[in-house]
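Participant: Go ahead and model the full structure; you've got the sequences and the hints to work with.
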Amino acid sequence: MKTVIADEQLTFLSDLREYLDGLDPELVAAARAENIEDPMQPRTHCQAFLRQLGEDGWLGISWPKEFGGQGRTDIEHWLFAEELYNRRLPNGLLTFNVVGPTIMLHGNPDQRREYISRIMDGEIIFAISYSEPDAGSDLASLRTRAVADGDGYLLSGQKIWSTGASIATHLWVAARTGPPEARHRGLSLFIVPADSPGITITPIITQGGERTTSIFFDDVRVPATQRVGAENDGWKTITAALNFERMFYHNEPRWELRQLAEWADGAGLLDGSTAESYELQTVMGEHAVDVEVCRLMALRGAAMLAAGQVPYAEASTNKIWWGELRQNICSTGLDLIGAEGTVVDTDGAPASGHLVHGLMSSPVWRFGGGTNEIQLDIIANRGWGMPR
Amino acid sequence: MKHPDYTDDETALADSAEGWLKFVDNGYLNKQEQTDNGYEEQRWSELTDLGWASIALPERVGGAAGTLAQVGVALRECGRAGYATPLLSTARAVTLLDLVQGRDTVFDGVLRGVVAGNALALVAPPDGQLGVRPDGDGYLLEGRASTVEWLAQADSAVFAVPVANTDEVLVAVLQTGGLDITPVPSIDNELQATLTPGARVGADVPAVVVPAAAAARALGRADLLRASSMVGGCEAVLDLTAKYALERHQFGQPIGAFQAVRQHLGRMSMALDAARLSTNEALSLEPESPARPAAMDAVALFVAGRSYVEVALTAAQLHGGIGTTVDHVLHHHYRRAKGMQLRSGRPANRLREIHRSLVVRGDGGLW
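The listed protein sequences correspond, in order, to chains D and E. For what it's worth, this note's numbering labels the leading residue of the first sequence as 136, then goes sequentially. For what it's worth, this note's numbering labels the leading residue of the second sequence as 512, then goes sequentially.
Check each hint, because a few of them may be wrong.
With a Cα cut of at most 20 Å, we get these calculated EDC-like pairs of lysine to aspartate or glutamate [claimed, not checked]: (1) D:Lys200 / D:Glu143; (2) D:Lys137 / E:Asp519; (3) D:Lys137 / E:Asp838; (4) D:Lys137 / E:Asp526; (5) E:Lys533 / E:Glu799.
Rough simulated footprint, nothing fancy, chain E against chain D, three-plus residues with beta-carbon under 8 Å [said to hold, decoys possible]: (6) 374-384; (7) 428-439; (8) 516-522.
I should point out that these hints are in silico values taken from the structure, not numbers from a laboratory. Think of the CB as a built atom: it goes at the ideal place given N, C-alpha and C, for glycine as much as any other residue.
Facilitator: Following this line, the structure appears as structure tokens:
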């Protein structure tokens, strides 16, 4: 059977590790703490960390050299993302893994030139703005309008759950340019500077302490040059971006399992032979199995991208597996800990409070990037030919 | 592409195996299951000519010097068809013998016998039911009575059992004639028998004593063939169920148009992917490859068993009544899934072994 990881890719990984190990420990520790607290908002330290990576030539692994990338394959891109996730360090999130690749696919030459280089320089950060109060899974019913006006558009409407918009420089906005009855055939995709006149961003705080936002567009002027793809042809761009998002390689479950293992070691249960430790070993053994499967699902997506294929059902499978596993590790991990698991203080809490924090953050893992119910439908429809 | 992970050679082998297995359908499987032998001698001699059990064996014993992955491909097709013969136990046994003897040739005669058409049973009870203790110049088999696939039909039995009070395993080949064997009914069409301990392993039988860890590694490789067979079963069940969901109409439309049914199919598809991805990684990468964890063989076996049972149970739910009858091939997969899973022993014990390797020791792998 074919293998997809070659020796030169393993060399890439050891070079990357050597580089990361050599970074300023203070910068790394501060970026990690910020990333654990709220991974969707790269703030001061995470931005400094990413700029450092950019300056040292370690961003845009699979991006063409003409755009300042390393010109490597998607396998190296996967190794890079997984290594950073494994260290719980930021890897560029939606900007590098979703918007950048989509601009390269569907942007025009001017957009590619402008945005890719600015992303590489760490100058711009994107937030994604698709959902609306009345358009979630039924995204094609969205009502934010972009009305033609001179050489551009006037954008009006409300977006919600646009996570990261409070620190983003640019918004990646889906808006209606055709009639409502045209559904997904009447949408266009726009890049909008977050500081454009007429934009109001208000925070929403989640139970896990993360910040997401509501965004109000009040006749926001957007030049036509900011439209990605043809007018009313935005669905293609949106679905491409969603596929990248669902393939957005994941190794956090492994990190969370490690936090549980550290607690179990301290509690004398990791390798013992009491009934309690047997239970823990059985539960953790199955999580460890599913962490390896998670790795393989992400690697398959990377291999498909490297071979010029587009993962659809495979991307949905990856996303469901990752989110459910992660939530399960946090929840059943707390079961093993028991009453002490209710302590949320990150210093004194078992497993440094990472599992209880994870549990509170976890609902979005099952609906973000498209609900798992929709993903299962995609798997059945695209993977197994079921009628819609 | 039908088999995107396969090499061209493996695709050709899979196509040829699928072609040869065309005679297998539900009626054939039902009929064979009712016979004492469980399979046709004529088909076994055709299988011997095809040489699937010996693909990976060295040329000096008549093997094809191929790969374990190729054997896995052939057994995946058998698993897809639900076809039961001693092929799986024979292929597992020769994989074990070849690996534990290393550069030795003590088992070469046994391996040649398989190339010539002998069937082997593999006695390696997964939860420590059997062991041996030294007895004069040989060993005495002790422990609890154990269930072994194809033991009554096999020409020889390959034992891989722990030596009492040591960290070693005895691997020895015994003629089945001298063993206390009682055929017992099986959950599925893989025939089995109970082996009652008490037999003596004489100094004259082909045998080696190896460190327990080496024996476990070799058994892990051998058991990948069972995993691959279960992946074939998973694939068959998914194909059957997707087809049925399009054919079966209720409320004026195919049941696959109902979201509840599609969600079940989506879950089944994920289970299949998990089994196939882990088994293919374990088969494609050498055990010492830095790109895979040392426990990957055990992971693949566990996931393949869990997935095969999961998809079989859900498939029965989606088929309704027709899936429970002996007139539909699903009943073979339903029973084979649980049988093949259980033959790897108690899942909790397997998980604790995996935990020790992946979590406690962190053996191998990139992370």
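Participant: Please go over all the hints and tell whether each is borne out by the structure.
Facilitator: A quick look at each hint next to the structure:
no., hint, result
1, D:Lys200 / D:Glu143, "18 Å, holds"
2, D:Lys137 / E:Asp519, "10 Å, holds"
3, D:Lys137 / E:Asp838, "38 Å, violated"
4, D:Lys137 / E:Asp526, "17 Å, holds"
5, E:Lys533 / E:Glu799, "38 Å, violated"
6, 374-384, "violated (count 0)"
7, 428-439, "holds (count 5)"
8, 516-522, "holds (count 6)"
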